[in-house]
Amino acid sequence: MARGDGEGTIYKRKNGRWCGQVTVGTDPKTGKIIRKTFYGDKRRDVSRQMTELKQKLFEGSYKKQSEMKFGDWLLEWNKGRKNTVAYSTYRVYGSIIRNHLKTEIGDIKLKELETRHLQQVLNDRFDSGLNTGTVRLIYAIANKALKQAVKERLIYSNPSKGVELPTKQEEEKLHIWNKKQVSRFLARAKKHKYYMIFFLAVNTGMRRGELLGLKWKDIDFNKKRLEVKRQAVKTDKGIILKKPKSKAGNRVIPITNNVVKELKRHKIRQSENKLALGNNYKDQDLVNCNKLGEPISPMMAYIEFKNLSRDINLPEIKLHDLRHTFATLFLENGGNIKTLQQILGHSSITVTMDTYSHVTDEMLDSAAKNMDTMYKIKKASK
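Every letter in the sequence shown is one number past the one before it in full-length UniProt numbering, and letter 42, counting from 1, is 42.
In case anyone wonders, no lab produced these hints; they're calculated from the structure.
Treat the hints loosely; a few may be bogus.
[Unchecked claim] Derived DSSO-like pairs: lysine-lysine, alpha-carbon spacing no greater than 30 angstroms straight-line:
1. 224 with 237
2. 274 with 264
3. 243 with 223
4. 147 with 223
5. 180 with 243
6. 274 with 79
7. 14 with 36
8. 242 with 274
9. 193 with 243
10. 151 with 180
11. 144 with 191
12. 234 with 190
13. 237 with 79
14. 190 with 82
[What the hints assert, rightly or not] Label-pair ranges, simulated between beta-carbon atoms:
15. 136 with 256: 30 to 38 angstroms
16. 294 with 192: 33 to 41 angstroms
17. 279 with 347: 41 to 49 angstroms
18. 337 with 86: 54 to 62 angstroms
19. 294 with 336: 19 to 27 angstroms
In this text, a Cβ means the ideal position worked out from N, Cα and C, and glycines have one as well.
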């Protein structure tokens with residue numbers, strides 16, 4: 001007896017993979033039964049996709065899947081987000097799509113994309129030495145794009161749901177400098193044109209874009225506070241200033257007497273330069289700018305930092321790692337983890353604790369030693 005629409009079967013193939021078929025209707029011209037076939041390494045993945053299709057058939061929302069290739073959909077999906085996300089995010093997503101997804105599995109049709117295809121890309125990238133964060137980003141982009149494809153009814157289900165992210169046995173260590181290395185770097189960087197960028201990075205934990213978007217009006221020298229209200233972002237139209245990505249990113253950071261002193265010195269030098277250039281100086285009230293008062297390219301700041309640290313022969317770290325250096329030294333000097341969360345602009349304290357668990361673990365060990373001696377009674381002298 002022929003199966004009705006929505007009925008299906010599932011079985012294991014000789015190659016060990018699972019196969020499932022669901023009857024979706026009949027060809028009106030030939031009367032031939034039309035079935036949708038699903039494949040997967042696990043029975044539950046195939047069963048889930050079949051169930052989702054059956055539900056669509058029951059609701060009457062079934063639609064023939066798109067013939068579009070996965071790579072073409074990724075580019076179209078990312079292009080559609082261009083005006084809704086930070087330009088830097090759009091560019092990073094585009095780079096990930098082109099270099100890791102489109103080149104490997106971009107020619108596979110959306111409707112034929114399977115969990116194993118995505119899993120293989122992630123495993124290959126991970127095995128090649130790509131860091132865990134980038135591997136996770138590759139997955140996140142694929143997952144978001146496929147979710148949208150399901151919403152637009154281009155495919156029935158999201159094959160990324162069955163993917164297992166590869167992880168290292170040992171946690172990746174943060175690349176940071178110790179106090180002596182920081183002091184050595186700042187001493188040599190004192191006369192560098194971007195000294196204030198580097199100095200503030202390691203004294204406030206601000207992100208690169210935030211440092212380049214900081215304005216003098218954001219600083220209260222009397223209260224020793226500065227506000228993070230914007231970030232510099234590179235776009236096709238040049239460098240623009242935008243609001244922080246998240247609510248937590250808009251924050252107040254305490255600054256030390258030493259930071260106040262360095263900022264005041266920097267402001268005097270900047271004022272002298274402004275006076276010398278006259279009308280040629282394009283004043284935007286930026287703390288960190290080029291000689292003409294214009295915003296500094298985030299990439300240029302990164303390159304200058306890299307070159308300078310190499311010249312000083314210090315362990316190689318990224319400009320962003322000065323943020324991690326600040327956070328680590330802050331905690332090692334007795335700083336509160338909740339306060340650090342607010343200073344860094346993390347949306348959750350869990351993010352802060354996970355990122356700097358190496359320090360919090362040491363703090364817990366130290367606390368345990370203190371507790372161990374807390375109630376020890378000295379032996380009475382004879």
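To see whether the hints hold, each was checked on the structure:
no. : hint                             : result
1   : 224 with 237                     : violated, 35 angstroms
2   : 274 with 264                     : holds, 15 angstroms
3   : 243 with 223                     : holds, 23 angstroms
4   : 147 with 223                     : violated, 48 angstroms
5   : 180 with 243                     : violated, 35 angstroms
6   : 274 with 79                      : violated, 41 angstroms
7   : 14 with 36                       : holds, 20 angstroms
8   : 242 with 274                     : holds, 25 angstroms
9   : 193 with 243                     : holds, 26 angstroms
10  : 151 with 180                     : violated, 54 angstroms
11  : 144 with 191                     : violated, 46 angstroms
12  : 234 with 190                     : holds, 27 angstroms
13  : 237 with 79                      : holds, 17 angstroms
14  : 190 with 82                      : violated, 39 angstroms
15  : 136 with 256: 30 to 38 angstroms : holds, 35 angstroms
16  : 294 with 192: 33 to 41 angstroms : violated, 18 angstroms
17  : 279 with 347: 41 to 49 angstroms : holds, 44 angstroms
18  : 337 with 86: 54 to 62 angstroms  : violated, 28 angstroms
19  : 294 with 336: 19 to 27 angstroms : violated, 38 angstroms
Consistency note: the structure conflicts with the earlier hints numbered 1, 4, 5, 6, 10, 11, 14, 16, 18, 19.
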